[in-house]
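All chains should be built: construct the whole structure from the sequences, respecting the hints.
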Amino acid sequence: MAKKTYIQAITDALDIALEDDPKTLIFGEDVGKNGGVFRTTQGLQEKYGEDRVFDTPLAESGILGLATGLGLTGWRPIPEIQFMGFSFEAVDQIAGQLARMRFRFDGTKNAPVTIRTPYGGGTHTAEMHADNLENFFTGIPGLRVVMPSNPYDAKGLLISSIENNDPVLFMENLKLYRSMKDDIPDGKYTVPLDKANVVREGNDVTIVAYGAEVNEALKVADTLAEKNVSAEVIDLRTVSPIDTDTIFKSIEKTHKVVIVQEAQKMAGVGAQVASAIAEDAILSLDAPIGRVAAPNSVYPFALGEDIWIPRAKEIEEKVNEILNY
Amino acid sequence: MANKPIVDFEAIKNNLSNVSKPIQVLNENAEITDQEIFDTFSDDDLVEFMKKMVWERALHEQTMNFSRQGRMGFYAPTEGEEASEMGTVLAMKKQDYLLPAYRDVPQLIQHGATVTEAYLWSRGHVIGNKFKARSMMPQIIIGAAYVEAAGVGLGIKKNKEEDTIAFTYTGDGGTSQGDSYEGMNFAGAYQAPVLFIVQNNGFAISTPRVKQTAAPTLAQKAVAAGIPSVQVDGMDILACYAVAKAARDYMVAGNGPVLIETLTYRFGAHSSAGDDPKRYRTKEQEQPWFEKDPLIRLRKVLTDKGLWSEEQEDKLTDEYKASFKESIKEADAVPADTVSDMLKRTFEIPTPEMRKEIDKFEAKESK
Numbered sequence: 001m002a003k004k005t006y007i008q009a010i011t012d013a014l015d016i017a018l019e020d021d022p023k024t025l026i027f028g029e030d031v032g033k034n035g036g037v038f039r040t041t042q043g044l045q046e047k048y049g050e051d052r053v054f055d056t057p058l059a060e061s062g063i064l065g066l067a068t069g070l071g072l073t074g075w076r077p078i079p080e081i082q083f084m085g086f087s088f089e090a091v092d093q094i095a096g097q098l099a100r101m102r103f104r105f106d107g108t109k110n111a112p113v114t115i116r117t118p119y120g121g122g123t124h125t126a127e128m129h130a131d132n133l134e135n136f137f138t139g140i141p142g143l144r145v146v147m148p149s150n151p152y153d154a155k156g157l158l159i160s161s162i163e164n165n166d167p168v169l170f171m172e173n174l175k176l177y178r179s180m181k182d183d184i185p186d187g188k189y190t191v192p193l194d195k196a197n198v199v200r201e202g203n204d205v206t207i208v209a210y211g212a213e214v215n216e217a218l219k220v221a222d223t224l225a226e227k228n229v230s231a232e233v234i235d236l237r238t239v240s241p242i243d244t245d246t247i248f249k250s251i252e253k254t255h256k257v258v259i260v261q262e263a264q265k266m267a268g269v270g271a272q273v274a275s276a277i278a279e280d281a282i283l284s285l286d287a288p289i290g291r292v293a294a295p296n297s298v299y300p301f302a303l304g305e306d307i308w309i310p311r312a313k314e315i316e317e318k319v320n321e322i323l324n325y
Numbered sequence: 001m002a003n004k005p006i007v008d009f010e011a012i013k014n015n016l017s018n019v020s021k022p023i024q025v026l027n028e029n030a031e032i033t034d035q036e037i038f039d040t041f042s043d044d045d046l047v048e049f050m051k052k053m054v055w056e057r058a059l060h061e062q063t064m065n066f067s068r069q070g071r072m073g074f075y076a077p078t079e080g081e082e083a084s085e086m087g088t089v090l091a092m093k094k095q096d097y098l099l100p101a102y103r104d105v106p107q108l109i110q111h112g113a114t115v116t117e118a119y120l121w122s123r124g125h126v127i128g129n130k131f132k133a134r135s136m137m138p139q140i141i142i143g144a145a146y147v148e149a150a151g152v153g154l155g156i157k158k159n160k161e162e163d164t165i166a167f168t169y170t171g172d173g174g175t176s177q178g179d180s181y182e183g184m185n186f187a188g189a190y191q192a193p194v195l196f197i198v199q200n201n202g203f204a205i206s207t208p209r210v211k212q213t214a215a216p217t218l219a220q221k222a223v224a225a226g227i228p229s230v231q232v233d234g235m236d237i238l239a240c241y242a243v244a245k246a247a248r249d250y251m252v253a254g255n256g257p258v259l260i261e262t263l264t265y266r267f268g269a270h271s272s273a274g275d276d277p278k279r280y281r282t283k284e285q286e287q288p289w290f291e292k293d294p295l296i297r298l299r300k301v302l303t304d305k306g307l308w309s310e311e312q313e314d315k316l317t318d319e320y321k322a323s324f325k326e327s328i329k330e331a332d333a334v335p336a337d338t339v340s341d342m343l344k345r346t347f348e349i350p351t352p353e354m355r356k357e358i359d360k361f362e363a364k365e366s367k
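Here the protein sequences come in this chain order: C and X. So in this note's numbering, spot 93 of the first sequence is number 93, and the numbers just go up one at a time. So in this note's numbering, spot 310 of the second sequence is number 310, and the numbers just go up one at a time.
To be clear, the hints were calculated from the coordinates, so they are not data collected in a lab. C-beta atoms are modelled at their ideal positions from N, C-alpha and C, and glycine is treated no differently. Treat the hints with caution; some may be incorrect.
[Stated by the list, open to error] Residues from chain X that keep clear of chain C, each with C-beta distances beyond 10 Å, as calculated:
1. I12
2. A58
3. A189
4. Q285
5. T303
6. E310
7. F361
8. K367
[Said to hold, decoys possible] EDC-like cross-link-like pairs, simulated, lysine to aspartate or glutamate; straight-line CA separation at most 20 Å:
9. X:K132 <-> C:E89
10. C:K109 <-> X:E357
11. X:K360 <-> C:D245
12. X:K360 <-> C:D280
13. X:K158 <-> C:D245
14. X:K160 <-> C:D21
15. X:K356 <-> C:E279
16. X:K356 <-> C:E19
17. C:K195 <-> X:D341
18. X:K158 <-> C:E279
19. C:K23 <-> X:D337
20. X:K160 <-> C:E50
21. X:K158 <-> C:D55
22. C:K109 <-> X:D341
23. C:K195 <-> X:E162
24. C:K109 <-> X:E348
25. X:K158 <-> C:E50
26. X:K158 <-> C:E19
27. X:K300 <-> X:E284
28. X:K356 <-> C:D280
29. C:K195 <-> X:D34
30. X:K344 <-> C:D106
31. X:K158 <-> C:D280
32. X:K21 <-> X:D8
Laid out in structure tokens, this is it:
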């Protein structure tokens, strides 16, 4: 057990995956000698050799095509897309190829591929580096999308993703990379896919969040607790599929819900959660569904991030509005 | 200042065509243009090549018949491309990994899929993709197979599989896709054993080859990726086979990728779904290519040698077509797919949400 950052927790998981399964391969731009631009693969090429951890030419579709082909020949690829915005270059390989592999071949071929990629606002990066693109990728059947909110989950969810025999898009939050530390057990442990986590129990309102917004929601829960309001905070962990059972169970108790996301509001994870509640659990509620999301503009340039991304303040305002309905 | 330009770009441009003359063994008049390669084939080999082309022509004709009867789904006609398709695939071995495009169904069958499976693929039934052949399904997204082939080739290399390569096909239009370059470049960078075959049949649906690129040949697109490439007469099965085999031999000796551009022609439409070549080709453009029909030249050589006759060819064609009629009956007998099965094959372990949907559809389906 040691205090580790989100980055170090991911390196841990990759190290374990390389150690446990000789068929795992890590590749991407600058992941070898350089250890990745964020050092998530630091030391791995040195330890496991260039056959297992290697650099690729600078082409995202090529990287994921390589993953598809390596998967077909018995390997378990863990490709990295250096920044999530670059994944637009590889949309066919993700949506048109990897996600369809099991379906196309009725399981006679599959794609045990875990695509790792950093995303998320607040670190003032260049354009196309920080966009929250999960809204786009959760609409792809056959693809799981996982978004850990803390270092402990990051390690356990990454190991689960790699061990899964279907493709997983594993989104790593840039803002959390170095800003958070958790006690990380040494060695292997897993956190289950497809399952949300109740990170704070409460009775008065449910806050559903994922990624960096989970930590903002927890701040709000702390503030509310001082006013004797008890908020339940749910971390989705996997955003496709969404664990609606955990949400429904919670709102049956609290009767109120606020759904929080860093991404734009249109057609995404929060909209899906709201729709599931409206369809199957609306009678649990005694107030409208509250939503906190970014405006539907294009993702802002670096200097606009702080006024654009919803954080604890906006969540608190919305929770109070729903509580006072 | 001198008038001479610092760099003579025009001279460089005029010297771009650095790929040598297309390799040919038999010309369209059935004259042997490369005796050395011709002599590598026995009479039995020549007969076998002819049979394969007759088989592919019969498959095309019968499939078009089924298509006109409304018994097929998507079908991309192959008439005219028999030498290019059969010549290259016959040079491969069963352990090689095929990544075909949609016009490469005959090669997929040759590589181990059944005609019944091919018909089911055309109709759009999942059983069509459950062939035993070491192959991807016919790729619809042009270019995707090239990047995937780089991965398959690297996988073969990492597996240390002896005497094994990946081979993939695209057309003249396919070489314009960014993925085609990425695939070649990755295979080159990793020296992965991938044979890239460009079947240049002159048209990407209606767009002529000259409008795809300013490059003098498609073969030279490999040069920028550091890959040796060659053009071959795609209407000459002997040349296609010999070059594909040479490429394979080169790669299994431990070398990296090769690209072959076959110069061929699609005699018919792009697909059976309403494309009409009369909209973009004239009879005058087509006629010289019809005269290059790959069956004509080999038929003449074999007939002159007393190894082939019209009766023999007709009998073979009838036998092949009779077997295709059996295959489509088998395809007819395959049970329809169910929505619950579609849901089940989306993930190895259905998600809880999907489990509920599966139960719902199973209840409906059992009624």
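Hints, one by one, checked against the model:
no.: 1; hint: I12; in the structure: 25 Å, holds
no.: 2; hint: A58; in the structure: 29 Å, holds
no.: 3; hint: A189; in the structure: 5 Å, violated
no.: 4; hint: Q285; in the structure: 33 Å, holds
no.: 5; hint: T303; in the structure: 44 Å, holds
no.: 6; hint: E310; in the structure: 43 Å, holds
no.: 7; hint: F361; in the structure: 15 Å, holds
no.: 8; hint: K367; in the structure: 24 Å, holds
no.: 9; hint: X:K132 <-> C:E89; in the structure: 32 Å, violated
no.: 10; hint: C:K109 <-> X:E357; in the structure: 24 Å, violated
no.: 11; hint: X:K360 <-> C:D245; in the structure: 17 Å, holds
no.: 12; hint: X:K360 <-> C:D280; in the structure: 15 Å, holds
no.: 13; hint: X:K158 <-> C:D245; in the structure: 43 Å, violated
no.: 14; hint: X:K160 <-> C:D21; in the structure: 18 Å, holds
no.: 15; hint: X:K356 <-> C:E279; in the structure: 14 Å, holds
no.: 16; hint: X:K356 <-> C:E19; in the structure: 37 Å, violated
no.: 17; hint: C:K195 <-> X:D341; in the structure: 24 Å, violated
no.: 18; hint: X:K158 <-> C:E279; in the structure: 50 Å, violated
no.: 19; hint: C:K23 <-> X:D337; in the structure: 34 Å, violated
no.: 20; hint: X:K160 <-> C:E50; in the structure: 16 Å, holds
no.: 21; hint: X:K158 <-> C:D55; in the structure: 15 Å, holds
no.: 22; hint: C:K109 <-> X:D341; in the structure: 16 Å, holds
no.: 23; hint: C:K195 <-> X:E162; in the structure: 44 Å, violated
no.: 24; hint: C:K109 <-> X:E348; in the structure: 11 Å, holds
no.: 25; hint: X:K158 <-> C:E50; in the structure: 11 Å, holds
no.: 26; hint: X:K158 <-> C:E19; in the structure: 17 Å, holds
no.: 27; hint: X:K300 <-> X:E284; in the structure: 24 Å, violated
no.: 28; hint: X:K356 <-> C:D280; in the structure: 13 Å, holds
no.: 29; hint: C:K195 <-> X:D34; in the structure: 67 Å, violated
no.: 30; hint: X:K344 <-> C:D106; in the structure: 9 Å, holds
no.: 31; hint: X:K158 <-> C:D280; in the structure: 50 Å, violated
no.: 32; hint: X:K21 <-> X:D8; in the structure: 25 Å, violated
Checked against the numbered hints above, the structure breaks hints 3, 9, 10, 13, 16, 17, 18, 19, 23, 27, 29, 31, 32 and satisfies the rest.
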